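K.L.:
Top line first, the protein sequences correspond to chains E and A.
Residues in the first sequence are numbered consecutively from 2, following our numbering.
Residues in the second sequence are numbered consecutively from 25, following our numbering.
FYI, nobody ran anything at the bench for these hints, they're computed from the structure.
You can trust all of the hints, since none of them are fake.
Each computed SDA-like pair below joins lysine to any residue, with the alpha-carbon atoms no more than 20 angstroms apart:
| hint | chain 1 | residue 1 | chain 2 | residue 2 |
| --- | --- | --- | --- | --- |
| 1 | E | 322 | A | 50 |
| 2 | E | 322 | A | 54 |
| 3 | A | 66 | E | 234 |
| 4 | E | 322 | A | 62 |
| 5 | A | 688 | A | 619 |
| 6 | E | 322 | A | 65 |
| 7 | E | 322 | A | 46 |
Ranges of calculated distance between the beta carbons of each label pair, as one might list FRET restraints:
| hint | chain 1 | residue 1 | chain 2 | residue 2 | range |
| --- | --- | --- | --- | --- | --- |
| 8 | A | 62 | E | 165 | 33 to 39 angstroms |
| 9 | E | 92 | A | 281 | 42 to 48 angstroms |
| 10 | E | 270 | A | 571 | 49 to 55 angstroms |
| 11 | E | 113 | A | 54 | 38 to 44 angstroms |
| 12 | E | 197 | A | 118 | 28 to 34 angstroms |
| 13 | A | 154 | E | 234 | 47 to 53 angstroms |
Just so you know, these numbers come straight off a predicted model, no measurement behind them.
A virtual CB, placed ideally from N, CA and C, is assigned to each residue, including glycine.
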Amino acid sequence: MLGLCTVGVLVIYSATHSSEQADLKNASVQQAAWVGLGLAFFFGLAFSDYHRWVSQGWFWFGGGIFLLLAVLIFGREVNGAKSWIRFGPVGFQPAEVMKIAFLVGATALLMSFRERMEKFRTVLALVGLALVPIFLILKQPDLGSAAVFLPMAFGLLFAGGARLRFLLVPLGAGLAGVLAIYLWVGHFGKEIPFLKTYQNNRIRTFFDPNLDPLGSGWTIRQSIIAIGSGGFSGKGFLRGDQNLYGFLPKNIAYNDFIFSVLGEEWGFLGGGLLILGQAALLLCIAWIGMRAPDLEGRLLAGGVLGMLFTHFFINVGMTIKVVPITGIPLPFVSYGGTFLAVCMAAMGLMQSIWRQRRLG
Amino acid sequence: MLLARPTANIPRRLQAAMVVVLAAAAILVQRLFVVQIVEGEKHAQSLLNQTTIPILLPPPRGLILDRNGLPLAENEARYDVDLYVRELSGNYARAHHGRLPMTLVEVGTGEKRRKQRQVDIERIVQEMAVEPLRNLGIEIQYDVDDLRRHAHQRPNTPFQLATKIDFATLSRMAERDPRIPGINAAARPVRCYPYGALASHVLGFVGAPEEQTLETFQPEVVGKEGVERGFNADLEGVPGGKILKKNNLGFIMEEQGYQAPQAGKSVYLTLDARIQAIVEGVMRRVGRGACVVMDPHSGDILAMVSVPNFDPNEFVPGYSGPSDGWRRILTDETKPMLNRAIGAYAPGSTFKTLTALAALENPAANFTPQTVISSPGSVYIGDRWWKDWNPDGQGSIVLKRALAMSCNTFFYQLGVRTGIDSMTEMGRRIGFGQRLLLGPDGEPQLSGEDPGTMPGKKWMEDRMADRKKKYKEHIEAWVAGGRQGPRPTAPAVERWSDGHTANTSIGQGYVRVTPLQMTVMMSAVANGGSVYAPRLVQAVAVSSEGEVQPVREFPRAVKRADLGVRPENLEAVREGLRAVVTEGTGKNAAVKDIEVAGKTGSAQFTTRIGGGLVKDTRTWFTGFAPAKDPRYAITLMVEGGSSGGTTCAPLVSEILFHIFEMDKGVPPVMAYQTPVVGHFHGVTASDGSYVPGAGGADDTDGDGGIFGGIFNWFDEGNNSGGAGRNLRRSR
Numbered sequence: 002m003l004g005l006c007t008v009g010v011l012v013i014y015s016a017t018h019s020s021e022q023a024d025l026k027n028a029s030v031q032q033a034a035w036v037g038l039g040l041a042f043f044f045g046l047a048f049s050d051y052h053r054w055v056s057q058g059w060f061w062f063g064g065g066i067f068l069l070l071a072v073l074i075f076g077r078e079v080n081g082a083k084s085w086i087r088f089g090p091v092g093f094q095p096a097e098v099m100k101i102a103f104l105v106g107a108t109a110l111l112m113s114f115r116e117r118m119e120k121f122r123t124v125l126a127l128v129g130l131a132l133v134p135i136f137l138i139l140k141q142p143d144l145g146s147a148a149v150f151l152p153m154a155f156g157l158l159f160a161g162g163a164r165l166r167f168l169l170v171p172l173g174a175g176l177a178g179v180l181a182i183y184l185w186v187g188h189f190g191k192e193i194p195f196l197k198t199y200q201n202n203r204i205r206t207f208f209d210p211n212l213d214p215l216g217s218g219w220t221i222r223q224s225i226i227a228i229g230s231g232g233f234s235g236k237g238f239l240r241g242d243q244n245l246y247g248f249l250p251k252n253i254a255y256n257d258f259i260f261s262v263l264g265e266e267w268g269f270l271g272g273g274l275l276i277l278g279q280a281a282l283l284l285c286i287a288w289i290g291m292r293a294p295d296l297e298g299r300l301l302a303g304g305v306l307g308m309l310f311t312h313f314f315i316n317v318g319m320t321i322k323v324v325p326i327t328g329i330p331l332p333f334v335s336y337g338g339t340f341l342a343v344c345m346a347a348m349g350l351m352q353s354i355w356r357q358r359r360l361g
Numbered sequence: 025m026l027l028a029r030p031t032a033n034i035p036r037r038l039q040a041a042m043v044v045v046l047a048a049a050a051i052l053v054q055r056l057f058v059v060q061i062v063e064g065e066k067h068a069q070s071l072l073n074q075t076t077i078p079i080l081l082p083p084p085r086g087l088i089l090d091r092n093g094l095p096l097a098e099n100e101a102r103y104d105v106d107l108y109v110r111e112l113s114g115n116y117a118r119a120h121h122g123r124l125p126m127t128l129v130e131v132g133t134g135e136k137r138r139k140q141r142q143v144d145i146e147r148i149v150q151e152m153a154v155e156p157l158r159n160l161g162i163e164i165q166y167d168v169d170d171l172r173r174h175a176h177q178r179p180n181t182p183f184q185l186a187t188k189i190d191f192a193t194l195s196r197m198a199e200r201d202p203r204i205p206g207i208n209a210a211a212r213p214v215r216c217y218p219y220g221a222l223a224s225h226v227l228g229f230v231g232a233p234e235e236q237t238l239e240t241f242q243p244e245v246v247g248k249e250g251v252e253r254g255f256n257a258d259l260e261g262v263p264g265g266k267i268l269k270k271n272n273l274g275f276i277m278e279e280q281g282y283q284a285p286q287a288g289k290s291v292y293l294t295l296d297a298r299i300q301a302i303v304e305g306v307m308r309r310v311g312r313g314a315c316v317v318m319d320p321h322s323g324d325i326l327a328m329v330s331v332p333n334f335d336p337n338e339f340v341p342g343y344s345g346p347s348d349g350w351r352r353i354l355t356d357e358t359k360p361m362l363n364r365a366i367g368a369y370a371p372g373s374t375f376k377t378l379t380a381l382a383a384l385e386n387p388a389a390n391f392t393p394q395t396v397i398s399s400p401g402s403v404y405i406g407d408r409w410w411k412d413w414n415p416d417g418q419g420s421i422v423l424k425r426a427l428a429m430s431c432n433t434f435f436y437q438l439g440v441r442t443g444i445d446s447m448t449e450m451g452r453r454i455g456f457g458q459r460l461l462l463g464p465d466g467e468p469q470l471s472g473e474d475p476g477t478m479p480g481k482k483w484m485e486d487r488m489a490d491r492k493k494k495y496k497e498h499i500e501a502w503v504a505g506g507r508q509g510p511r512p513t514a515p516a517v518e519r520w521s522d523g524h525t526a527n528t529s530i531g532q533g534y535v536r537v538t539p540l541q542m543t544v545m546m547s548a549v550a551n552g553g554s555v556y557a558p559r560l561v562q563a564v565a566v567s568s569e570g571e572v573q574p575v576r577e578f579p580r581a582v583k584r585a586d587l588g589v590r591p592e593n594l595e596a597v598r599e600g601l602r603a604v605v606t607e608g609t610g611k612n613a614a615v616k617d618i619e620v621a622g623k624t625g626s627a628q629f630t631t632r633i634g635g636g637l638v639k640d641t642r643t644w645f646t647g648f649a650p651a652k653d654p655r656y657a658i659t660l661m662v663e664g665g666s667s668g669g670t671t672c673a674p675l676v677s678e679i680l681f682h683i684f685e686m687d688k689g690v691p692p693v694m695a696y697q698t699p700v701v702g703h704f705h706g707v708t709a710s711d712g713s714y715v716p717g718a719g720g721a722d723d724t725d726g727d728g729g730i731f732g733g734i735f736n737w738f739d740e741g742n743n744s745g746g747a748g749r750n751l752r753r754s755r
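All chains, please: the whole structure from these sequences, using the hints.
P.N.:
Rendered as structure tokens:
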């Protein structure tokens, strides 16, 4: 985990050192500071009892929702989305905070439904719970962050023991939907009626980045070129032309497209190792879930697994055109203090569970 | 406890989750592998394409120098305002949110004509460059179509928005740099020919290359004719280049990989510019003609002149001189582009030299320099009478007198006596009917060299076979075409006869010789029988810091063949040629204190001018000097002259006089030569500065313009009175 963080700081430095904007220039230093804060969260939670957090779950959930409402009212608009709350020099993103708040809140909910875990109502209740932050975050709007709550819910239910058919049927439906979109947009070139134009464009350019190489296809095309030109061993630290010359947009290269920078500079070696590292972390979480002493632990592990897996797969996937571009960060590596702190906090919970693991 | 319930197998599920994680990681790694390893090259290339602007730096073209190292074709610095299309449009895009104006442009010609969507470079130039440049006093002038074509096809090379800006403007531009990216003032090496039209047919000229594809290197000029074309690969040099790194907005971030252009190699000619200038000075008075001067001991061509000629400077792209230029040259009826020195013409009596050489070495001819042949006013050969130009003939004479007086009846009989085969063989040894200016691989060094014709029995058979083949094709086409129109007529059967031989022996009929070939023959006679390959180019060399390092050398005095004539016989021919000048038809070639030897010749010919056939006699003088120890072999041919003795001999005399004066230390004035304008009436007036040396005007022969028989031959025999008439007429 710390390894990933170090990688993150370095790559952020590389992604931003040539930037003229002051706030981008210090990004790596800030990120290092965030790592420090994140570690505090991590150890704080690791040495606490996770049951305590779950029992306060509703409180945290309510707090998260409050922040989301606050951001809609007082938030500052950045890049067309109201997602930041600032107190003087310090700012954070409530949507990220909501993720861990939802985690404990949902765990609390499921614990109260523990006798009826197999019932469909349980599933409905949890999805209903998830829909509250989803709705609020979509209002910002931030589709990517909103979407993360569904896999989290899925992970919670999956680990909690909900009936497989309640889980797999929506999953299947989701996959069918993706297939339908693929046929609808990719094959017939139609638009999805209820999505915004930019969202439609993103989906369309996913299927054909050359459709508009200077417009909405730009980012994915440049990302592929950056990673592709890295080759096996990369161009070396601070040597990514694609990044240096601004073909990877500077304002996203250090967070959502951090993997592109990494792929260009460190090549297949670095990219592959990062993927394996992330996968190893996820496997650890699953392992912790298996060895958790009780349902609460398993639920937490499932939720964290769902969250981090989604972030990891979608973030890396979008840079190499496995999934469409979605603005969500890569855990531990992307620039962004709130999410980093949230991830570290989540890992702190995992550590807490591990301390109380069943032996044998 | 909850766990006791037979709920779902949670550990199993988490194991499944692990599998999913691993599968996802595998998918990502696989995809990463595809993008980075499998398609890596492709993406690296796209990266290169979008981050770099390659700019080609054209190399200066190599020089063409004469045998003394005097440059005949060099480069002068010209100050231009250069436009680099990609840089300018990149900056335009930056200033306009990445948008470039587009326009529809008509491309292609004829059937392929169509509209194409292109960046409107014209508008970009108008918006970005015109005003700032005007403030500096530079009015840019360009052809819109040229600009569009250039921007589309050769965006890597600079386009000249303005050429030949003066130095004051240039320094103003340097002082108040307008800072338009992509627009620079540049000193550019531009081809220039310091002596104008001097040796223009040898040098050739350069021009803009044909349209090429986008990918290959596009030189600014390529050689189009002459040595410029034949040695283009050597002269061209290697282009340099630099690579500019740009960012996503088109800003130039850095320059990398500068490689200086490598200048072209220089070509060293055998020409002596001074002799070339002397000859051209004399040939200016000739409407159409050619002259070759050669070192008889090596085959080095010292001068090769053809008039009318042209000023190669007018062909250089960007030329803006006073002349209305090359379009006129290309359409001129006197064909200034034609290099007559390597064009083939009927040799007339100059060919008698060959007949004599062939007969002396043919035992069957039973002919020696002392053999007396009765040469009356006409002889009966084959089935008709063949007349001499002199109705009384020359009486019973030997070779020397026959050459001197250019006696036709003597050579008719001699030709029949030795037979066409011996003449054909002698012609082959000299190189008649062959191209002579060949490189080591047999490639022609000058385009347009005519091999000429050396007729013979075999030649006639080939000719007939060719005719029959063509007739057959015509008949087949006629039959296939439904027998429309008149039936093609069968070719007349022609066999080699004594009549052909007789006609050939005085240089009439089918034989055609180039002035260059004629000079080679004279050189061989002069030097004792060695037939040298004529050499025009000595070496291709790289010169750096004053040191000349040859890259390719063409050896001196390459012996192609030997005449195979015994020295005493060759000496007899030389005596005959000397007699031509001392007592015969070529007295006008005499030079004071220099013994000149040679042979006159004229062949009647008609040319279609405007629509009517006009008498256009080809007149010759070919010879060498000094007779005892030849240093120069010379051939001079005039189209539309009066006769060899009256038209050409005086010119040769004048040329040789000046050449020997030069050897004594009186070089000619080397100056810019304006092109010689052609015309159709032989020689215009002498400027009177030169009077042929020893020549008295006491020739023996009758009036000129005698020709007889159905074979239109015409021989010399005009005295200076004839020349006088000619000169008067020209005035």
